[in-house]
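Student: Protein chains in written order, with this note's numbering: chain A, 1 to 153; chain B, 1 to 762.
Keep in mind the hints are simulated off the structure, nothing from the lab.
In this text, a Cβ means the ideal position worked out from N, Cα and C, and glycines have one as well.
Do not rely on the hints blindly, as some may be mistaken.
[Unchecked claim] When the alpha-carbon atoms are kept at most 25 Å apart in a straight line, the in silico DSS-like pairs for lysine-lysine are as follows: (1) B/Lys277 x B/Lys180; (2) B/Lys13 x A/Lys144; (3) B/Lys578 x B/Lys475; (4) A/Lys143 x B/Lys13; (5) B/Lys578 x B/Lys567; (6) B/Lys439 x B/Lys475; (7) B/Lys32 x A/Lys4; (8) B/Lys632 x B/Lys759; (9) A/Lys144 x A/Lys53; (10) B/Lys4 x B/Lys759; (11) B/Lys196 x B/Lys632; (12) B/Lys555 x B/Lys574; (13) B/Lys574 x B/Lys588; (14) B/Lys677 x B/Lys141; (15) B/Lys32 x A/Lys29; (16) B/Lys588 x B/Lys567; (17) B/Lys475 x A/Lys29; (18) A/Lys77 x B/Lys13; (19) A/Lys143 x A/Lys111; (20) A/Lys144 x A/Lys77; (21) A/Lys10 x B/Lys32.
[What the hints assert, rightly or not] Quick list of simulated restraints, FRET-style, between CB atoms: (22) B/Glu761 x A/Pro18: 54 to 64 Å; (23) A/Lys143 x B/Glu634: 17 to 27 Å; (24) A/Ser17 x B/Lys759: 51 to 61 Å; (25) B/Gly216 x A/Gly153: 48 to 58 Å; (26) B/Gly407 x A/Arg150: 46 to 56 Å; (27) A/Lys143 x B/Glu510: 25 to 35 Å; (28) A/Lys143 x B/Val130: 51 to 61 Å; (29) A/Gly153 x B/Thr192: 54 to 64 Å; (30) B/Ala61 x A/Trp6: 25 to 35 Å; (31) A/Asp15 x B/Thr212: 57 to 67 Å; (32) A/Asp15 x B/Arg122: 47 to 57 Å.
[What the hints assert, rightly or not] Some residues of chain B that are not near chain A, with every Cβ distance over 10 Å (derived): (33) Leu58; (34) Glu64; (35) Arg76; (36) Arg138; (37) Gly255; (38) Tyr440; (39) Asp627; (40) Val655.
Each chain, written out:
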Amino acid sequence: MEIKLWINGKLINDDVSPDTPLLEYLRSKGCYSVKRGCETSNCGLCTVWLEDKPTLSCTVPLMRANNKHITTLEGLKSDAEELGGFLADEGADQCGFCNPGFLMNVLAMAKELEDPTEDEINEYLTGNLCRCTGYTGQLRAVKKYLEHKRKGG
Amino acid sequence: METKAVNRPMRKKDAMALVTGQPVYTDDLAPKECLIVKLLRSPHPHALVEEIDISKALKVAGVEAVFTYKDVPDIRFTNAGQTYPEASPYDRLILDRRVRYVGDPVAIIAAETEEAAERAMRLIKVKYEVLEPVLDPRTAKDGPILVHPEDNWQSLCPVGADNKRNLCSSEASEGGDVEKAFAESDVVIERTYHTKANQQAMMETFRTYAYTDIYGRLTVVSATQITFHVRRIVATALGIPKSKVRVIKPRIGGGFGAKQTAVSEVYPAFVTYKTGKPSKIVFTREEAQTASSPRHEMYLDVKIGAMKNGKIKAIELHTLSNTGAYGEHGPTTVGLSGHKAIPIYSKAEAFRFTADVVYTNVMAAGAYRGYGATQGIFAIESAIDELSHILNIDPALLREMNITREGDFMPAYYGETANSCALDRCLARVKEMIGWESKYPRRIMENGNIRAVGLALALQGSCISGLDVASVAIKVNDDGFYSLMIGASDMGTGCDTILAQMAADCLLCEPENIVVYGVDTDVSPYDSGSYASSTTYITGNAVVKTCASLIEKIKEYGAKKMGCNPKEVDFDGKRVYKTATDESITLKDLANFAMNFSDTALYASEMHTSPVSPPPYMAGAVEIELDRETGKIEVINYKACVDCGTVINPNLARVQTEGGIAQGIGMALYEDISYNKAGVMRNNSFMQYKLPTRQDIGTVEVTFESSYEPTGPFGAKSIGEIVINTPSPAIANALDNAVGVRIRELPLSPEKVYMEMIKNED
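Make a model of the complete structure from these sequences and hints.
Tutor: The structure is reproduced here in structure tokens:
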């Protein structure tokens, strides 16, 4: 099937199998930051933005992205480096496998919620599993990042 | 020694690549033309393949090959990542006619696309002779059904194994006069505890790709903790010389012991070996849940004898461990359930530890962070609290009276002495952090819920003493920057970074001046691997030794260039100088001279091993809130204090601890691999196997009370495993303190808690 979509701002016209998961398609287009951690929408690793909304790309059939804009971490290099730096400074990157999906959701949260409380942060990000850090270091990093942004960083 | 890099929080060297999502993991790097490898798996827990017809599968467009038991070498091997000769029995074939659990591979399919591989898989016709399975480990030993009746089953080490009795191993050890100590005790308690299999559930499932290199050798790239062992395992399984295999480890998306077993490697290795074409396998989460290497399920019978005043006289433990269909890590994990739990209380006069490890028809177990110690500590630390209630002594006080202290001889810990031990300080610290004196045992909240506190202690090792080895190599490059080559696998823990921190302090330079490379079996120096909490302690010591050798070479070369005796010079990190006159030559110049008409290699490599395995210690204290109407336990606060000796990188050590505690909370409250009567696992996805989320762990606070380990690098011990050991017993103890309900089987699910509460009310 013919499809038209934008990946990180770049227009792509393609002939695709419509039931290909968006996740696999994005990886085939070189967006390797998008990871698969499960098959059941439980882990959050495959989070991308579909029209700026955080979306689990493992359960999006490709045709649902037709005429839509997709953003992956590859398209947010400076944001990734800025937020990722806070994660790195806590040692909370660890194995790194969940980091891209986590960053995509934190960046979405930062746009969506104003001055979130700790509970609101944990609720917003609860679908992003991490087996290494136990989340505590991630929370420290997110709080410091949000503080940095509040101060105009 | 003054440290500038060690004991400092430093970013991981690979951090920015990881946080920005660079393609650094196995599947990101696999060549696009790889054949996709899929495994047809057995639907039966125990069966013989009577007939297998692959003719239709082979006709599917894009299918390259289908292999069955008829195609693989008749050579038994183990997937356990252990030093040769492995303690784990050689009980596997790549594909076997006898299938031993639901999920055991029956055929290997290699195709150009995933769709073709799956279509071919559905077209394979298998006729099974279905056999009666052994599903309960308590009936396995000497039972009528044998999991491994085959005559070419082999145990390479004297671990008390006997496949004709379903015994993967058995052991017994004791110290002191056990019978006398129990006879003299005022109180003797006997309790049985049951811990379940748990999945490591690292975010990156098992995955491997293979290709033939320009020299015609089989190259295997894999997410593994045991790069060198994989070389041996693959060569053994394929029946080819080890020289024909090269293994490379890229970045790994977590391991926690899962990747200390070669779960996925042999399949693409076999496909590439047979077809000559590159191939890859990526386990689905379902496969990672159902056909992998989880924690050993254990039944633990604890007997403790004590005097009325609280003095513990004797501890006895019998462990029955379920290794499942294959014996990976079976003989070794079980030992830790005794040898790393009983020595928390080394002042006891006598101990006895016995164990059986049995085969059953469920997924094979493997290595999971804590490696048996976790199970043993759940039992012992639960029993200590049960004893304290019988003796009517505060459980914290009972521990203070009996714990191992610095200088104590530890008979159950391989007869080692606790040369560095701050367990007493850790205990005091967590009591203070949780507010033990005011909160023990419980208080009733306005909403009717109960808040209660519970404690547990832990120890672990810092390597496998007398066995693990690590070598590192360091070379001086242009302008004097260093390459540090290691064979230890950084699986996200940060060992590349902490080893560079150690090297930086030894070589008196900045960590940025050191490039780290690991692991490629063709170029990296040998390291038994990243497991048994050994990397900081063993590989760290190898770094210290290698740096010392390299400095001698730099000094010799400097002296030669200055025309003096090496005894007249010293090295300050930037230059070699004459101690008498301060005449000097820079490292930069020496490094560049060494590449120009020079016969001196500024290169050193040393190996380290250790006759001892100094334990790290830990205390954990939890505050829970129990909903009396549902039995649901919520973790409110978790306070932990760790003695890992000198902390090499405080950030990474803290995150290790926080992460281990979260995993431990999952083990305590949610994670429960279980099977139905047909031997089918119930928890084959993250829907049915709940990992703790960030809303489930409460507020975790971690501190360190450092002892100084004289045999450790910079006084360091280990951190990676001990941190998972306290949550299960601490939470079970808190539950008992809350409502007098003692649950001896993990996890502490609301159903179990509620049903026990009702029983108590009756």
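Student: Under the criterion that the straight-line Cα-Cα distance not exceed 25 Å, is the pair A/Lys144, A/Lys77 satisfied?
Tutor: Holds, at roughly 19 Å.
Student: Given the hint that B/Lys439 pairs with B/Lys475, test it: the Cα-Cα distance must not exceed 25 Å.
Tutor: violated (56 Å)
Student: Quick check for students: does the CB of B/Arg76 sit more than 10 Å from each CB in chain A?
Tutor: At roughly 33 Å from the nearest Cβ of chain A, B/Arg76 sits farther out than 10 Å, so the non-interface label holds.
Student: Given the hint that B/Lys277 pairs with B/Lys180, does the C-alpha gap stay at or below 25 Å?
Tutor: violated (67 Å)
Student: Quick check on a hinted range of 57 to 67 Å for A/Asp15 and B/Thr212, using CB atoms only.
Tutor: Given range 57 to 67 Å: violated, Cβ gap about 33 Å.
Student: Tell me if the straight-line CA distance from B/Lys588 to B/Lys567 falls inside 25 Å.
Tutor: holds (21 Å)
Student: That 51 to 61 Å hint for A/Lys143 and B/Val130 (C-beta), does it hold up?
Tutor: This hint holds: roughly 57 Å between Cβ atoms.
Student: When you look at the beta carbon of B/Asp627, is every beta carbon of chain A farther off than 10 Å?
Tutor: Answer for B/Asp627: holds, closest chain A Cβ roughly 18 Å.
Student: Could you see if the CB distance from B/Glu761 to A/Pro18 stays within 54 to 64 Å?
Tutor: holds (58 Å)
Student: Is it true that the CA of B/Lys32 sits at most 25 Å from the CA of A/Lys4?
Tutor: Measuring from Cα to Cα gives roughly 24 Å; hence the hint holds.
Student: Could you check the hint for me, namely that B/Ala61 and A/Trp6 are 25 to 35 Å apart, CB to CB?
Tutor: This hint holds: roughly 33 Å between Cβ atoms.
Student: Should the label of B/Tyr440 as a non-interface residue stand, given a Cβ cut-off of 10 Å to chain A?
Tutor: holds (25 Å)
Checked against the numbered hints given earlier, this structure breaks hints 1, 6, 10, 17, 31, 32, 37, 40; the rest are met.
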